[in-house]
Amino acid sequence: MRVQRPEYPAAVKVSLAFVGLALACLAVADLSISTLDPWTELQRMAWGLLTPDFLAIPSLWDALLKTVSFALCGVALGASAGFLLAQAFHWGPVRWLCAFVRAVHEIFWAFILLQIFGLTPLTGILAIAIPYAGICAKVYSETLEEAPAAALALLPAGSSRISAFFFVRLPDVWVHIKNYTSYRFECGLRSSAVLGFIGLPTLGFHLETAFGEGLYSEAAALLMIFYLLIATLRYWMRPRLLPLYVLAAPFLLGAGAEMQMSNLLRFFTQDIIPAPLRNADLGAAETWQALAEWLQYLWSQQALPGMIATVVLTQIALVATGLLALGFFPLISRQFMGPVGRRLGHVFLVVLRSTPEFILAYVFLQLWGPSMLPAVVALALHNGAIIGHLLGRYSDQLRLRPDASRGINRYGYEILPRLYGQYLAFLFYRWEIIMRETAILGILGIATLGFYIDSALSEIRLDRVVLLILFTATLNIGIDSLSRQIRQRLRLSHQIRET
Amino acid sequence: MRFGRLVAFAAMIFTTLFASFSTHSADTFVFTAIPDQDESRLKERFDKVAAYLSDALDVPVKYIPVKSYPAAVTAFRNNQVQLAWFGGLSGVQARNAVEGSRAIAQGAEDPLFETYFIAHSSTGLKASDSFPGGIAGMTFTFGSKGSTSGRLMPEFHIRENLGKSPDEAFEKVGFSGDHSKTIALVQSGAYQVGAVNFQVWKKELEAGIVDPAKVSVIWQTPPYPDYQWSIRGDVDERWSEGFTEKVTQALVDMKDPDLLASFPRTAFIPASNSDFQPIEDTAKALKLID
Amino acid sequence: MFHLSEESFGYRDTPVLKKISLQIQPGEKVALVGESGSGKSTLLSLLYQRHRPDCAYVPQEPALVRSLSVFHNVYMGQLDRHNSAYNLLNLAWPRKKQVAAIRTLLKSLGLEDKIFTRAGELSGGQQQRTAVCRALFQGGPALLADEPVSAADLNHAEQSLSAMTAHFETLILAMHDVDLALAYTQRVIGIRHGRVVLDAPTQGLTRQDLAFVYRDAGAEA
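These protein sequence lines map, in sequence, to chains Y, B and F. Heads up: the first sequence begins at 1 in this note's numbering, then just goes up one per residue. Heads up: the second sequence begins at 1 in this note's numbering, then just goes up one per residue. Heads up: the third sequence begins at 1 in this note's numbering, then just goes up one per residue.
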């Protein structure tokens, strides 16, 4: 006799399709551990973690100050620009511009800006400010749409747009804008630290050296200071002190190198012109033949393999993130944990989400050797902790009947079904972010797009760098719009401010 | 309204930034260096070198740290540093990018630089005088992508002897990032074979970091020129007539072992662009430069 | 001043107003009565859309900016009379002159002590009076008010209604409370199912005379 089963809802079908896709990707991905003895190195790292050496790095405090200063300047500038752009966000070109600038990772922006401004503070500030402006513009404009329409309709007929904006549109959503901006500042601190890996004088600079030289006690000290910085954020980042900070920050960046405008000109008129066209006879057929070959080579040897690896890694990391998030959120949820357990859970998740993926991946790469495994684990841990945190908080708001089941039954029958839509929304929102990071991890030696961008950079072939970054941005924009379509089809809420 | 203040501060950031750039003294002679080993405390170590040069040249000298060869080349090209301690390949790239720039000095060890091919003991490979053809099909790691001893020369010999690109010749190819990491990776077995700067190998062997039971040298490349100091062509015009010679002299006269240890070299000797022609030819052959 | 002839209006396929004809002269004070859903609000907002520059409007929901003070919410009634710079200045640092003017108005509505309280922290009745005050501050020849005293006690309702009748030459009030409607207006228009079913001078009319306008509502309750 056949047992009749309920049909699965669309959300579950989509989830299964993504899991299936990830399994297919697993089949082609290289996840090997190539180090013969990862445990010795792990032991040394663990020992370093237990014996942090806070005095080892003389310029530690300077690096700390600069990390905060870069984040402050970058976020202040990016948020201000984003706020202005949000006013024109309904206009197509502005929307596209914002989509483009936020599709390019801070590190890639820094690569480009280094060519133009060199090792000046401006490089670091703009590397944060440019993508953040795009992200802020989008979020601010969505937020501003929630302003009270009724009050707006009531204004006297001749009121100016500026007056209407500041009296009616802004005040009620200001608190959301403020909260989002302070969240962005926390992201800015992570970005600022990571930019050190490519040469800015922030914490990442010393962290890279410490890890590279195997000085794990120093690395541990640096990481702990970074966690402390983020954990104490709400104590020192007071709205009242903000003007003081923003005013002081530019003076704490250090002078860096000299800036020259001729470099800017050269970048746009020579560096990024495809090599076959540089100083070539544009009327000659051979020039265009050479350009076609150049493009063909770049596409087939670098862009395409890079994109495939990026997508493969992203899909695996996305599903791994999802699985970890499901395991993480009960750790901080009132539905499952007592106060002590929740506190520990919070510490665990805070550490994971405060550590940038890039740093996690770097550490795992030292342990396991180069393959996709370190990247998958790093992405899944970091993003899983973020989504786990959001889900945990969300689950606290659920009201269960007093006699609801406990433990695993509560998880499966009461909580998960209620959370699932929100959970998928978080994941799909994170999809594009995971892909952006995946591309970046190529710099560490995993053959995603970042690997080829880094290679072209080490050959000082900026035309290739720029084209490959364009490919990366396009891929990101594609995933972003796909994710939006799936969210709409599944009717998942898209207002997620805190991811 | 807080927002209004925010805009005001953003404007202020910009003005102060530009102000801080313009007040930066134009007459400071700036250099950078990435040593082939031990990158810790670069700033502290090279600030001493800057002080020495400042004394010898009688102009303010400043060191700025960079993270990678491409960053050093970019800074040189952008005239943000006028003097740089480059690897063979990065020096060629830098001098190609800046007209009139010259290689002026190199380490006493550098004209006869070598790359060692090292292998994990489990491969069963033994030291030999001829290229070890047995490495084909194994896993292989270079140093950093832009390194002469860790990338350019080994890749050249691999192509010469195996007739294939590294991607085709090996099961897996990696870039460890630096020489110490290459040794660590081969010693741990993450890669079976690797190519490493002979100086770093010797130093780590002496320091007891290398475990001879696990990893050993299986082949040495023929000697080639490597690290050198390169200077921009426009420094004479900017500082004084004969400035380039003064810098060369100051480098060659650097005798303090403490300063030389930062590079690490026993002494500096004069060099010229033509010394590095073999490197340029090799880089062209490998299509690493146009 | 207001003029409609045989006009119909609706949302999508649902007609709300059916072939309405009305004529309201300047100086008239009119009460619109009818059960909820009869079309009073639609009629008021239609009139407001047509005559926006001349009219102040008190909507059913007070439509305040919750995070701004009562003072600022009221001041919004005159945003069009000053340049943006003055408006922004007044937003950051309220001008004495404006504070004095608004304080006088608020006093007449018994809301003086709340002048710098944020609108979101007020009770429903206080919010409604703030919306009335905004309309008073805006001024102009006519006021359209949709249930402006529905959340007020009798004392406050009478304060509000006196203030409105005193400030505006022409007044159209959509009212639920028939007794109050009769007390403050000279003409009553009854709406039922989107049609005008009564249009008469207030004088002499009693509560019972209006009962037929509400017939269905009683049955439903």
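Simulated from the structure, these hints should not be mistaken for laboratory data. Watch out, some of these pointers could steer you wrong.
Stated by the list, open to error - Derived list of chain F stretches under chain Y, where covered just means 3 residues or more per stretch with a C-beta under 8 Å from a C-beta of chain Y:
(1) 52 to 58
(2) 97 to 104
(3) 180 to 191
As the list claims (entries may be wrong) - Using 25 Å as the maximum straight-line C-alpha spacing, the simulated DMTMM-like pairs for lysine to aspartate or glutamate come out as follows:
(4) K214(B) - E213(Y)
(5) K202(B) - E99(B)
(6) K62(B) - D62(Y)
(7) K48(B) - D30(Y)
(8) K43(B) - D62(Y)
(9) K114(F) - D54(F)
(10) K287(B) - D62(Y)
(11) K62(B) - E99(B)
(12) K172(B) - D30(Y)
(13) K203(B) - E213(Y)
(14) K29(F) - D153(F)
(15) K203(B) - D129(B)
(16) K126(B) - E99(B)
Claimed, not checked - Computed spacing ranges between beta-carbons, pair by pair:
(17) D27(B) - L247(Y): 26 to 34 Å
(18) V12(Y) - E44(B): 35 to 43 Å
(19) A46(Y) - E44(B): 47 to 55 Å
Remember, it's a predicted structure, so these values are computed and weren't measured experimentally. Glycine included, each C-beta is placed from N, C-alpha and C at the ideal position.
For each hint, the structure was consulted:
1. By the rule of at least three residues with a Cβ nearer than 8 Å to a Cβ of chain Y, the coverage given for the segment 52 to 58 of chain F holds, with 3 such residues.
2. Counting residues of the segment 97 to 104 of chain F whose C-beta lies closer than 8 Å to any C-beta of chain Y gives 0; at least three are required, and the coverage claim is violated.
3. Check result for the segment 180 to 191 of chain F against chain Y: violated, 0 residues qualifying (beta carbon to beta carbon below 8 Å, three or more required).
4. Distance check on the hinted pair: K214(B) and E213(Y) sit about 20 Å apart at the alpha-carbon level, within 25 Å; holds.
5. Straight-line distance between C-alpha atoms of K202(B) and E99(B) comes to about 36 Å, which puts the hinted pair past the 25 Å bound.
6. At most 25 Å may separate the alpha-carbon atoms for a hinted pair to count; K62(B) and D62(Y) meet this at roughly 18 Å.
7. Only pairs whose Cα atoms come within 25 Å are accepted, and K48(B) paired with D30(Y) is rejected, the gap being roughly 46 Å.
8. In summary, the hint linking K43(B) to D62(Y) is supported, as the alpha carbons are separated by about 12 Å, within the 25 Å threshold.
9. Only pairs whose Cα atoms come within 25 Å are accepted, and K114(F) paired with D54(F) is rejected, the gap being roughly 29 Å.
10. Proximity of K287(B) to D62(Y) is assessed by CA-CA distance (about 41 Å); at most 25 Å being required, the pair is judged violated.
11. A threshold of 25 Å between alpha carbons decides the hint, and for K62(B) with E99(B) the separation of about 23 Å falls inside it, so the pair holds.
12. Only pairs whose Cα atoms come within 25 Å are accepted, and K172(B) paired with D30(Y) is accepted, the gap being roughly 11 Å.
13. A C-alpha spacing of about 14 Å is found between K203(B) and E213(Y), which places the hinted pair at or below 25 Å, so the restraint holds.
14. As the CA atoms of K29(F) and D153(F) are separated by approximately 22 Å, the hinted pair is consistent with the 25 Å bound.
15. Restraint check: the Cα-Cα separation between K203(B) and D129(B) comes to about 22 Å, which is no more than 25 Å; the hinted pair holds.
16. About 46 Å separates the Cα atoms of K126(B) and E99(B), which puts this hinted pair outside 25 Å; it is violated.
17. Here the CB-CB span from D27(B) to L247(Y) is close to 30 Å, well matched to the stated 26 to 34 Å.
18. The hint said 35 to 43 Å for the Cβ distance between V12(Y) and E44(B), and at roughly 59 Å that hint is violated.
19. Against the hinted window of 47 to 55 Å, the Cβ-Cβ separation of A46(Y) and E44(B) comes to about 28 Å, which falls outside the hint.
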